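A.B. asks: In case you want the letters, here they are:
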Amino acid sequence: MKKVLTLSLLGLAIAATSAQAQDYEEVRIGVDVPYEPMEYRTADGELTGFDIDLGNALCDEIGVSCEWVVQGWDGIIPGLMARKYDAIMSSMTINDDRREQVLFSDPYITPPSAWFAPGGTELEEISEESLTDMTIGVQRGTLQDNYVTDMYGDVADINRYATADDMVLDMESERLDILFLDFPVGKSTLLDSEEGDYTVVGEMLTEPKEYFGDGFGIAFRQRDEALAEQFNEALETLREDGTYDEIYARYFEAK
Amino acid sequence: MESLLTWLENQLADNSIFTLQTLSHYADGLTTTVQLVFLSLIIGLIAAVPLAIGRGSRHAWIKWPIFAYTYVFRGTPLLIQLYLIYYGVVFVDGIQESWLWVILEDPFIPALIAFTLNTAAYTTEIFRGAIKSTSKGEIEAARAYGMSPGLTMRRIIIPSAFRRALPAYGNEVIFMLHASAIASVVTIMDLTGAARFVYARYYAPFEAFLFVAAIYLCLTFAILYFFRHLEKKLLAHLQPQTG
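Protein chains in written order, with full-length UniProt numbering: chain C, 1 to 255; chain A, 1 to 243.
Isolated chain C (complex conformation) (with noise of 0.2 Å):
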């Protein structure tokens, strides 16, 4: 008697977990606003940024409808354990901490660095040579620290700031010959901003990926394999007709 008891109770967990896993025919995604120019609202309160684009564009594909459920930062794990959405595209950056709790998606983006330097800078390019007894600026702690600190500091003097906004004040007043910051940032305070004059210098980064990481992932419940499936399929087809690179381009272009 208790066997069959087992087995049925087993037979309905299967049951209704391949259910869950295939039908959906909505997908809510958990999302961490404002965060620019991943997530954030435009004046008139709608959703947008490189992530809300690209998980549209990604449920066109698919054929499913999305909607975005706003969750903040420090509950976004608990929330999709919970089931108050299917998954997480909230600039998750893929860790082993974090694959222990969720399914990744393959990385969707590994946001870029960039150097930035006032529009007269004589810098034409990165290298050694270049940057002797330069003063480089990056934010303490970062990825950016980590990367400029073993390849360029025995050669420059590299200013470590607590925040981003101390580090563009003395950019702006010529303390710094250049920065080293996630472009998204550099972009929207120095590239976007009013005042002053600036420019990116050589090539934008994502590699070697000990310093700039696995990029982003879309995060997903660990039995939700199929839709991680689907999601994946979607971003390939995404990146082969040139959809990915067209909202690419609208949030991580320099001009």
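Errors might be hidden in some of the hints.
[What the hints assert, rightly or not] Below, a sample of chain C positions facing chain A; criterion: calculated Cβ distance under 10 Å:
no.: 1; residue: Gly137
no.: 2; residue: Asp145
no.: 3; residue: Asn146
no.: 4; residue: Thr149
no.: 5; residue: Arg160
no.: 6; residue: Ala162
no.: 7; residue: Leu169
no.: 8; residue: Asp170
no.: 9; residue: Ser173
[Stated by the list, open to error] Anything over 12 Å on all C-beta distances counts as not near chain C; from chain A, calculated:
no.: 10; residue: Leu4
no.: 11; residue: Phe18
no.: 12; residue: Leu23
no.: 13; residue: Thr76
no.: 14; residue: Pro77
no.: 15; residue: Glu138
no.: 16; residue: Thr152
no.: 17; residue: Ile156
no.: 18; residue: Ile158
no.: 19; residue: Val173
no.: 20; residue: Ile174
no.: 21; residue: Ala213
no.: 22; residue: Tyr216
no.: 23; residue: Lys233
These are calculated hints, taken from the structure and not from any lab test.
Since we're looking at a predicted model, the values are computed, not measured.
Heads up, the beta-carbon is just placed ideally off N, CA and C, and yes, glycines get one too.
Starting from the known structure of chain C, arrange chain A on it as the hints suggest.
C.D. replies: For chain A alone, kept in the frame of chain C given last:
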């Protein structure tokens, strides 16, 4: 020296956080902190003596400006003063073109200015308190000997006031050492700056900060010892006589 370094390197071979490189960060940080604190204390001390005398002046035009200065610098956080002097000056029009920028561009001088002004304000008040509490009898005795007010100040009031101010001033020196930890907010790589760097680099807050705390403790101990010694010598006349 060479063999010492090799020995140290061998000792540290198994340690992933405290390598020769991180230790040299700490060593540079120690030098910067000591320079910064020592210079600001010396300059602050020299400035505080005339200020403390002026603070007790009968003339309002000497007394009140000094009071305003000590009130402002004791009444606002040192961190705010540092921010104003380092970041604030940037908003003065044309400062980048003036000769002032040569000294203000580097974070060391703005930090030194902020620390000096701050410690001078506190030291002024410490000395003023000591001068004010000089016993009337000593002053009257000096007068009776025919000393002028200036001579009384120089020979009687100041020497005895300094002795009495010594314990309080020793505290101020220790406070200044600890207050200097905020220098890293304006990118100076002082001891705390070095610890923050190591912390951020190795995600090891305990190791990084405990180590730096130990260095601060050693410095504090040296200051305590120095002042204890000084007090013993200068305040000998207040000790119970032995032998």
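A.B. asks: All the hints need checking, so say for each whether the structure fits it.
C.D. replies: Structure-based check of all given hints:
| no. | hint | verdict |
| --- | --- | --- |
| 1 | Gly137 | holds, 8 Å |
| 2 | Asp145 | holds, 7 Å |
| 3 | Asn146 | holds, 7 Å |
| 4 | Thr149 | holds, 8 Å |
| 5 | Arg160 | holds, 6 Å |
| 6 | Ala162 | holds, 6 Å |
| 7 | Leu169 | holds, 6 Å |
| 8 | Asp170 | holds, 8 Å |
| 9 | Ser173 | holds, 4 Å |
| 10 | Leu4 | holds, 23 Å |
| 11 | Phe18 | holds, 17 Å |
| 12 | Leu23 | holds, 15 Å |
| 13 | Thr76 | holds, 19 Å |
| 14 | Pro77 | holds, 16 Å |
| 15 | Glu138 | holds, 51 Å |
| 16 | Thr152 | holds, 50 Å |
| 17 | Ile156 | holds, 50 Å |
| 18 | Ile158 | holds, 42 Å |
| 19 | Val173 | holds, 27 Å |
| 20 | Ile174 | holds, 25 Å |
| 21 | Ala213 | holds, 19 Å |
| 22 | Tyr216 | holds, 20 Å |
| 23 | Lys233 | holds, 43 Å |
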